[in-house]
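Next come the chains, spelled out residue by residue.
2 protein chains.
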Amino acid sequence: MTKKQEIPYKIYLTEEEMPKYYYNVRADMKTKPAPLLNPETLEPMTAEELSQVFCEELVKQELNDTDREIEIPEEIRNFYRMYRPSPLVRAYCLEEKLDTPANIYYKYEGGNTSGSHKLNSAIAQAYYAKKQGLEGVTTETGAGQWGTALSMACSYFDLKCEVYMVKVSYEQKPFRRDVMRTYGAKVTPSPSDTTRIGRKILEEHPGTTGSLGCAISEAVESAVSRDGYRYVLGSVLNQVLLHQSIIGEETKTALDKYGIKPDMIIGCCGGGSNFGGLISTFMGEKIRGESDVEIVGVEPASCPSLSRGKYAYDFCDTGRVCPLAKMYTLGSGFIPSPNHAGGLRYHGMSPIVSQLYDDGLIQVRSVEQSEVFKAAIEFARVEGILPAPESSHAIKVAIDEAMKCKETGEEKNIVIGLTGTGYFDMFAYQKYLDGEMSDYVPTDEELQTGFAGLPQVNL
Amino acid sequence: MTKKQEIPYKIYLTEEEMPKYYYNVRADMKTKPAPLLNPETLEPMTAEELSQVFCEELVKQELNDTDREIEIPEEIRNFYRMYRPSPLVRAYCLEEKLDTPANIYYKYEGGNTSGSHKLNSAIAQAYYAKKQGLEGVTTETGAGQWGTALSMACSYFDLKCEVYMVKVSYEQKPFRRDVMRTYGAKVTPSPSDTTRIGRKILEEHPGTTGSLGCAISEAVESAVSRDGYRYVLGSVLNQVLLHQSIIGEETKTALDKYGIKPDMIIGCCGGGSNFGGLISTFMGEKIRGESDVEIVGVEPASCPSLSRGKYAYDFCDTGRVCPLAKMYTLGSGFIPSPNHAGGLRYHGMSPIVSQLYDDGLIQVRSVEQSEVFKAAIEFARVEGILPAPESSHAIKVAIDEAMKCKETGEEKNIVIGLTGTGYFDMFAYQKYLDGEMSDYVPTDEELQTGFAGLPQVNL
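So the sequences go chain by chain: A and B. Just so we're aligned, residue 5 is where the first sequence starts under the numbering used here, counting upward by one. Just so we're aligned, residue 5 is where the second sequence starts under the numbering used here, counting upward by one.
Bear in mind the hints are in silico, worked out from the structure with no lab data behind them. Fair warning: there could be bad hints in the mix.
All copies of an identical chain are treated as equivalent in the list; a pair is satisfied when it fits inside any one copy or across any two copies.
[Said to hold, decoys possible] Below 30 Å or equal to it, Euclidean Cα-Cα: the simulated DSS-like pairs (lysine-lysine) are:
| no. | residue 1 | residue 2 |
| --- | --- | --- |
| 1 | 256 | 408 |
| 2 | 14 | 256 |
| 3 | 134 | 410 |
| 4 | 416 | 164 |
| 5 | 134 | 64 |
| 6 | 14 | 135 |
| 7 | 261 | 24 |
| 8 | 204 | 171 |
| 9 | 204 | 410 |
| 10 | 134 | 378 |
| 11 | 164 | 378 |
| 12 | 435 | 171 |
| 13 | 261 | 135 |
| 14 | 164 | 64 |
| 15 | 261 | 14 |
| 16 | 164 | 14 |
| 17 | 14 | 24 |
| 18 | 416 | 34 |
| 19 | 265 | 101 |
| 20 | 101 | 256 |
| 21 | 164 | 204 |
Using the sequences plus the hints, can you model the full thing?
Here it is, written out as structure tokens:
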């Protein structure tokens, strides 16, 4: 090691230092995120309407844009203590490899069995469902991270968990499916004959391998058509970003413990759950004028919702059964190139992140996937951790920034959100290693097709 | 939580508290483990002979049975700081589920990318190879944990890494293979045409899917037939147990930090690397009469080397090219039932563990695999972590012991070695969940076949 190591490799908080409150960045926002709309009436969803789909306490959290701090119930904090605090790691080895004066830190959320940050919200949603006396929850999963996290959370609270898994993933990712089954979840390949909408789709498209939009529709139908069940979602919603704020809260406490002032915070953006959670506390300071930290979201060039999308009301699901959200979107009909590996394929962006971006508080970078995997492997070889393709978007930009520091001599403190591990994404790594990965950037014409499907909303 | 929680969920050591020395239990042993023998002359292997296969510094460690403490070089400690200290976790949720007065702790080694404790020795072996100025190392891997760990370690020290992977695993576990490739290793399915012995086997058995014994033979041949290469091994050897002693050293420091006196330490036994590493420090105290801790090794009933094996000199590999070791063994020709899932399939046991067992210092339990998977799932559902099948052997016995405490009212402090995660073992979980897993215990007659192949050694 060439640098002096006053800062440990890993900063852990003690249990006493762990956050007792979620940070609700909406309380700081001058322009609040726009309300969800009823897809039939196009009127703002009331608490009552939302409560037919979501748990009551979660509806309150969804609508609460005034309280900055929302207490984390003790039962949830007890669960967090099993896998949190996640470490804030100083990337000494990467810094040495890059020979940069920059100080790079990463908040590592991959150290739990679900392999990602998704568990932070899953346990909160399972807790509120249990507290409401529900029998179970339903959800959909594509790649399987969210479904795994929810299965673990439901198992802990002895709650039934029904996961609609996109059929192609169900068949191609049997390991993910079996992790969920190990945690007691009922996993159904979607489309299925267990719902009206599933049967309709199977009738119209007998050979279909499913889509996330269809799985969402089945999960929602399955929840609202029974007593004792509600639907839960792993990203996009305000409540999810609220739960994920524990990432940023812990990061801030860890940095403060060693007197480190971050100059730049970098996170990957899919639906916005990780990114929103990572930045909330820091964004609050920035809005209040207490900090001038740069906040950078990184998205794939193949699915550029922030950098090339429209800020408009849109459907959250391709099946168009969920409420409408105002967000940066490529249109609910936009489907990223099948070449695109890993996550970050969602057509829209969480309303909170969208509004912050519209307010000029967030910078956005879009990167192509082969350079992302190149950065991922460079990182893995010196830092040990095999990052998820999603997380590697942030790593790529952090390396770029560290190389700029090498030119300018700046000792910037750069903080990355490392959302998860790539253990279940080896097919993508394999494609890269075999030279079979191609980059893809949609043309303006292709984006127009997605925009054409945007609903007409006049508020 | 019903119990008072004076002890945190996870005990982490600070960097200052991390071990600076490996613990060499051989210094405490009244009867030293028997020396390795040259397979041709049946004479004890000299340092010079061993140095043709292994790195010089590792040969010294292999032969050193007098120094109790062996310093961990700073370069290795720097690497350890990336993923160590591993947490000592208090299993509060499992205790509550079992309603037991026992206090259960587990030392969790699965939190690094290789997914197991194997990395502890891989980094040491890679370091000494680099220090000797070697170009690279060769090894074999079956399921892939050791190969992954070694790839990570070699990548860190910029050392070439060549892994002979049993062909059936190479084909059935492409993800493991690609993790190794991500870390820059050259992975060759074994048997291959790159070695004399590989070509011979391919000629005699054109359709073979390989075996660990054959892969070892290829890796050894590949190392000794070139300048600048040595062979490295992930278990069984004294040097490997020495490196793994960091597990027990950290565990002891963590327990001492909170004034906890362990009553029972439970680990799973395959080749003995995890078990030997977990117990070394505690065994030293026990031999010196400073503690009366019970030390329990758990092995699968399908591969019962300690409980039903013979204590005799045997070949370490089925190819019979490696030195002979005196150990509890089922015979190098013994092959566990193909029904047996996960690791712990090795026919012998490390000479150190074998001698300690022969001295009456270790208890052994053997368990059947369906009860192991039942315990694994029970554990996963309350503690979050999805344990490797190997580790779950220890969990099974810990649960049994905790249930005994429930009857007697004893507040025993039970410490488990949780060696790794089960992410790459989902096929075995799947079999269990689908009710397709069967138990198997070899008959005495079947064991005789293995014993019949033992070499005649008269020392």
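Hints, verified against the model:
Proximity of residue 256 and residue 408 under a CA criterion of 30 Å is satisfied intra-copy only: 25 Å inside one chain copy versus 45 Å between copies. Taking the shortest Cα distances, residue 14 and residue 256 sit within 30 Å of each other both inside one copy (14 Å) and across copies (21 Å). Taking CA atoms no more than 30 Å apart as the test, residue 134 paired with residue 410 passes between copies only; the shortest distance there is 29 Å, against 52 Å inside one copy. Within a single copy, residue 416 and residue 164 get their C-alpha atoms no closer than 47 Å, and across copies no closer than 34 Å, so neither meets the 30 Å cut-off.
Taking identical chains as interchangeable, the C-alpha atoms of residue 134 and residue 64 lie at most 30 Å apart only when both belong to the same chain, with a minimum of 16 Å there against 59 Å between chains. For a Cα distance limit of 30 Å, the shortest separation of residue 14 from residue 135 across copies, 27 Å, qualifies, whereas the shortest one inside one copy, 35 Å, does not. For a Cα distance limit of 30 Å, the shortest separation of residue 261 from residue 24 qualifies both inside one copy, at 17 Å, and across copies, at 26 Å. Only within a single protomer do residue 204 and residue 171 lie at most 30 Å apart by alpha-carbon distance; the minimum there is 16 Å, versus 45 Å between protomers.
Taking the shortest alpha-carbon separations for residue 204 and residue 410, neither the intra-copy value of 58 Å nor the inter-copy value of 54 Å comes in at or below 30 Å. Taking the closest pair of Cα atoms, residue 134 and residue 378 come within 30 Å of each other only across two copies (25 Å); inside a single copy the shortest separation is 43 Å, beyond that limit. Taking identical chains as interchangeable, the C-alpha atoms of residue 164 and residue 378 lie at most 30 Å apart only when they sit on different chains, with a minimum of 20 Å there against 41 Å within one chain. With identical chains, the CA atoms of residue 435 and residue 171 are at most 30 Å apart both within one copy (22 Å) and between copies (21 Å).
In this assembly of identical chains, residue 261 and residue 135 lie within 30 Å of each other by CA distance neither inside one copy nor across copies; the values are 35 Å within and 37 Å between. Proximity of residue 164 to residue 64 under the C-alpha cut-off of 30 Å is restricted to the intra-copy arrangement: shortest distance 23 Å within a copy versus 57 Å between copies. Proximity of residue 261 to residue 14 under the C-alpha cut-off of 30 Å is found in both arrangements, the shortest distances being 12 Å within a copy and 20 Å between copies. In this assembly of identical chains, the alpha carbons of residue 164 and residue 14 lie at most 30 Å apart only when taken from different copies (28 Å versus 37 Å within one copy).
Both within a single protomer and between protomers do residue 14 and residue 24 lie at most 30 Å apart by alpha-carbon distance, with minima of 22 Å and 18 Å respectively. For the identical chains of this complex, residue 416 and residue 34 are intra-copy neighbours only, at 29 Å inside a copy versus 57 Å across copies, given an alpha-carbon limit of 30 Å. Taking CA atoms no more than 30 Å apart as the test, residue 265 paired with residue 101 passes inside one copy only; the shortest distance there is 23 Å, against 43 Å between copies. Taking the shortest Cα distances, residue 101 and residue 256 sit within 30 Å of each other inside one copy (26 Å), while across copies they are farther apart (35 Å).
In this homomeric assembly, residue 164 and residue 204 come within 30 Å of each other (Cα to Cα) only inside a single copy, at 26 Å, whereas the closest approach across copies is 56 Å.
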